[in-house]
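Undergrad: Protein chains in written order, with my numbering: chain W, 622 to 1087; chain H, 622 to 1087.
Hints are not guaranteed to be accurate.
If several chains are the same, the list does not tell them apart, and a pair holds so long as it fits within one copy or across any two.
[To be verified] Pairs of lysine-lysine residues, derived as DSSO-like cross-links and limited to a Cα-Cα distance of at most 27 Å, are as follows:
#: 1; residue 1: K981; residue 2: K966
#: 2; residue 1: K625; residue 2: K881
#: 3; residue 1: K903; residue 2: K981
#: 4; residue 1: K798; residue 2: K764
#: 5; residue 1: K625; residue 2: K798
#: 6; residue 1: K1036; residue 2: K881
#: 7; residue 1: K798; residue 2: K966
#: 8; residue 1: K1003; residue 2: K739
#: 9; residue 1: K892; residue 2: K981
#: 10; residue 1: K787; residue 2: K966
#: 11; residue 1: K981; residue 2: K914
#: 12; residue 1: K914; residue 2: K661
#: 13; residue 1: K661; residue 2: K764
#: 14; residue 1: K695; residue 2: K1036
#: 15; residue 1: K787; residue 2: K625
#: 16; residue 1: K787; residue 2: K664
#: 17; residue 1: K651; residue 2: K892
No wet-lab data here; the hints were simulated from the structure.
None of the values given here were measured: they were computed from a predicted structure.
2 protein chains.
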Amino acid sequence: MTQKLSAVLDHIDADFDNSLQRLFTLLRIKSISADPAFVKDCKQAADHLAGDLSSLGFTAEVRSTGGHPAVVAKSADVGRRPHVLFYGHYDVQPVDPLELWHSPPFEPAVTDHADGRKIIVARGAEDDKGQLMTFIEACRAWKAVTGSLPLDVTFLIEGEEEVGSKHLVAFLDQHKKDLAADFALVCDTSMWDPNTPAITTALRGLVYDEVRITAANRDLHSGLFGGAAQNPIRVLTRILGALHDDNGRVTIPGFYDGVKDLPPDILAQWKALAFTPETFLKPIGLSIPAGEKDRLMIEQVFSRPTCDINGIVGGYTAEGSKTVIPSQASAKVSFRLVDGQDPAKIRAAFRAFVTERLPKDCTADFIDHSGAPAISLDWGMKPLAAAKRALTEEWGREALLIGSGGSIPVVGDFKRTLGLDTVLVGFGLDDDNIHSPNEKYDLQSYHKGIRSWARILAALAEMPKA
Amino acid sequence: MTQKLSAVLDHIDADFDNSLQRLFTLLRIKSISADPAFVKDCKQAADHLAGDLSSLGFTAEVRSTGGHPAVVAKSADVGRRPHVLFYGHYDVQPVDPLELWHSPPFEPAVTDHADGRKIIVARGAEDDKGQLMTFIEACRAWKAVTGSLPLDVTFLIEGEEEVGSKHLVAFLDQHKKDLAADFALVCDTSMWDPNTPAITTALRGLVYDEVRITAANRDLHSGLFGGAAQNPIRVLTRILGALHDDNGRVTIPGFYDGVKDLPPDILAQWKALAFTPETFLKPIGLSIPAGEKDRLMIEQVFSRPTCDINGIVGGYTAEGSKTVIPSQASAKVSFRLVDGQDPAKIRAAFRAFVTERLPKDCTADFIDHSGAPAISLDWGMKPLAAAKRALTEEWGREALLIGSGGSIPVVGDFKRTLGLDTVLVGFGLDDDNIHSPNEKYDLQSYHKGIRSWARILAALAEMPKA
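When you get a sec, could you build the whole thing from the sequences and use the hints?
TA: Structure, rendered in structure tokens:
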């Protein structure tokens, strides 16, 4: 195996320019799942991936989900253990505000980062097309060099991750037999820093709600009606402005019910990490942690629940001025959840918080965008140890087991629906601007990411059989 | 004079269809002053009006102002007293949200209102093209029937009223000699109800400010940064949500400094008017006055200062969800001022209110959109009595002297720059949807508005000479 792996790694290095061009081809497809204008592009991305995996010898199909389609692909040599289910997503976030991009979001290019790092810039460069392609390219190299994979692989690549994976659970349920495996691999997480690999073992959950407040039955002139007519922006800001207290705590009754403090040994470990406002906030232009004042900043992003207003709009927002009292105002509000919090209860508590504060002649409508509980993985599972060893070998630094502030609901769905544990390995970085203008993926992340997966596949194949 | 007036009124009735077509021609011009895309349309409206007034024998010119041009037109028979300066504006408000219009905003039509009233529907139907045309059509009728006007008229029609009349004071100053008159007439106000005419003698002032709060130097992923990174929407809603207390009072320190209570006799008059939530709020779908709880609702809209958030925007506002912490969020905030409040002080107090509440690593930028003090006119001025008599004759009901919640800063500018008092007569109604989708002007307002001005011109000409 060691000799084969060595040849595979050499092939990855020699073929890297082609790996990059294949990623560029995928990045050029405008697969924005949130916007109905890009339905065809999403389908195109699914077709492209199915075609690519077929060319590698996978039995690949684009399957309908009720929303954007999913790709399911199975390696030809079914029967080689362990059998892994690899998950990724081809859909990307919207690109607005477009004017802040330094180059068109769907015209990928390699450029120089401020500090000299080479980076791939495009929407999806990291999340999740670049990450997804690290795994596909590793499989490609194994096939090219040895004619087969060291273990069996089933791919599940969905197209609705950025819009809450609404159809995924039903899809998993429907295709349970086809998706059977020993455990799952997901490449949608980050490294600890540009040179230190990491495996994510705790993920925050997410509740994402939208609230729209209606006051008058039409827009009004603020001179004629101002003072007597209720203004829905006033009502909305008053309610949202009360979501946090002076100490950064969320004020919704029951919000912290079930939230546990960190075990003292983990807290001690985290205290030892150089995770400071200087290292974490200064690069984004901030200096003061905005969360609960009595918590470490690393707790604020890894192990404490949060509330963020992700969007707000109402009234006249174009250039200039308009003396209008609008009829409606709305906001998108999301909550990052930790172990012990129930998404349904948090959503209900938020909605009660809003409706209790409404003037009697105003109404509130809500849209449920998504909800998933937090996840804690088993730090002792065997594939995790194998992946950790492989990552440590590739990067020359001990791979860390870390928490993540983000949510990857599919991990919980895999456990509940397919009975699978998941190993989360990814090569993203904090400064990748995912979901923002100028999203990027370090060229090194892509290159060593491919090499990392090649090693992990070998390490997993060498595990004692279950 | 009585015989001439009678012939003029008959002519107005006979020619009304043509008056309507002439208004339609003006309404078709998309003279939106706030949006740079409509610069040519504004110029077109000015050219059209100058051409129309020239055809009536006025010496009419389109004059540059530094922004959208103004029309100045003088009647040929200079020397007949009194000499009045008539002011109107040809610019209109933006039309968004366009999807709420039942017919295209620049394709005027006469339709039936819910209660059977005939209405003219278009952007600007009332504010101010319809109102402006009542006066022009009255002049046209006098010229058509008698060959001349009963008094001298100078027109000043500007194109920046809806964007704060930024260039008007300098323009008045520059053209002082050309604009000399005995007093001013303005047609940009409302009646008391559809059958009761009114003259407005008190106007609230206006301060309109925009605030933009910046937190991080770029948009962030709420999973990776949520909890530690400050969210500018959270900061903005917290600040704006604190602008009013539980009793509807504005909380900005010093906001009510200098604000006087109503004289007891006026308060008693106002109490006697049937101005109730049932009559004023129910038609717009509301029931609870939103202003200071210890004030009459009529005080809330006529004589008390207010604060309204006219627009707010930040983060992701399109369909679906995006887990973003935006870099910036902004709001447009305006204040209606009453006698005794200094616009500069109010603006400074608002900005201090914002900046004092900012986290240290956030910044706030402000844009000054406009500012004008409140105005109280002399209830005893002679032209006002003449206008009141003429209105009472036309409508068969005693014309009321009322306050207005809106601001018409030009009234103060005329006094300060040209030394002129102003008589404010208008035929708008509370349900005209000005600044909103489906703006309308009652057909009766237009028809009887033209007749009213014909009568007022006669009444003013018959006043004892000063």
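Undergrad: State for each hint whether it applies.
TA: We went through each hint and held it up to the structure:
1. Taking the shortest alpha-carbon separations for K981 and K966, only the intra-copy value of 24 Å comes in at or below 27 Å, while the best inter-copy value is 34 Å.
2. For the homomeric pair K625 and K881, neither the shortest alpha-carbon distance inside one copy (46 Å) nor that between copies (90 Å) is at most 27 Å.
3. In the homo-oligomer, the alpha carbons of K903 and K981 lie at most 27 Å apart only across protomers (13 Å), although the nearest pairing inside one protomer, at 44 Å, exceeds that limit.
4. For a Cα distance limit of 27 Å, the shortest separation of K798 from K764 inside one copy, 25 Å, qualifies, whereas the shortest one across copies, 90 Å, does not.
5. Taking identical chains as interchangeable, the C-alpha atoms of K625 and K798 are never at most 27 Å apart, the minima being 32 Å within one chain and 95 Å between chains.
6. Within a single copy, K1036 and K881 get their C-alpha atoms as close as 22 Å, which meets the 27 Å cut-off; across copies the closest is 69 Å, which misses it.
7. With identical chains, the CA atoms of K798 and K966 are never at most 27 Å apart, being 33 Å at best within one copy and 72 Å at best between copies.
8. When the C-alpha separation of K1003 and K739 is checked against a cutoff of 27 Å, the pair qualifies neither within a copy, at 35 Å, nor between copies, at 80 Å.
9. For the identical chains of this complex, K892 and K981 are inter-copy neighbours only, at 25 Å across copies versus 48 Å inside a copy, given an alpha-carbon limit of 27 Å.
10. When the C-alpha separation of K787 and K966 is checked against a cutoff of 27 Å, the pair qualifies only within one copy, where the shortest distance is 19 Å, while the shortest distance between copies is 52 Å.
11. Proximity of K981 to K914 under the C-alpha cut-off of 27 Å is restricted to the inter-copy arrangement: shortest distance 15 Å between copies versus 35 Å within a copy.
12. With identical chains, the CA atoms of K914 and K661 are never at most 27 Å apart, being 47 Å at best within one copy and 55 Å at best between copies.
13. Proximity of K661 to K764 under the C-alpha cut-off of 27 Å is found in neither arrangement, the shortest distances being 31 Å within a copy and 65 Å between copies.
14. Taking the shortest alpha-carbon separations for K695 and K1036, only the intra-copy value of 20 Å comes in at or below 27 Å, while the best inter-copy value is 83 Å.
15. Taking CA atoms no more than 27 Å apart as the test, K787 paired with K625 passes in neither setting, with 41 Å inside one copy and 76 Å between copies.
16. For a Cα distance limit of 27 Å, the shortest separation of K787 from K664 inside one copy, 17 Å, qualifies, whereas the shortest one across copies, 52 Å, does not.
17. In this assembly of identical chains, K651 and K892 lie within 27 Å of each other by CA distance neither inside one copy nor across copies; the values are 42 Å within and 63 Å between.
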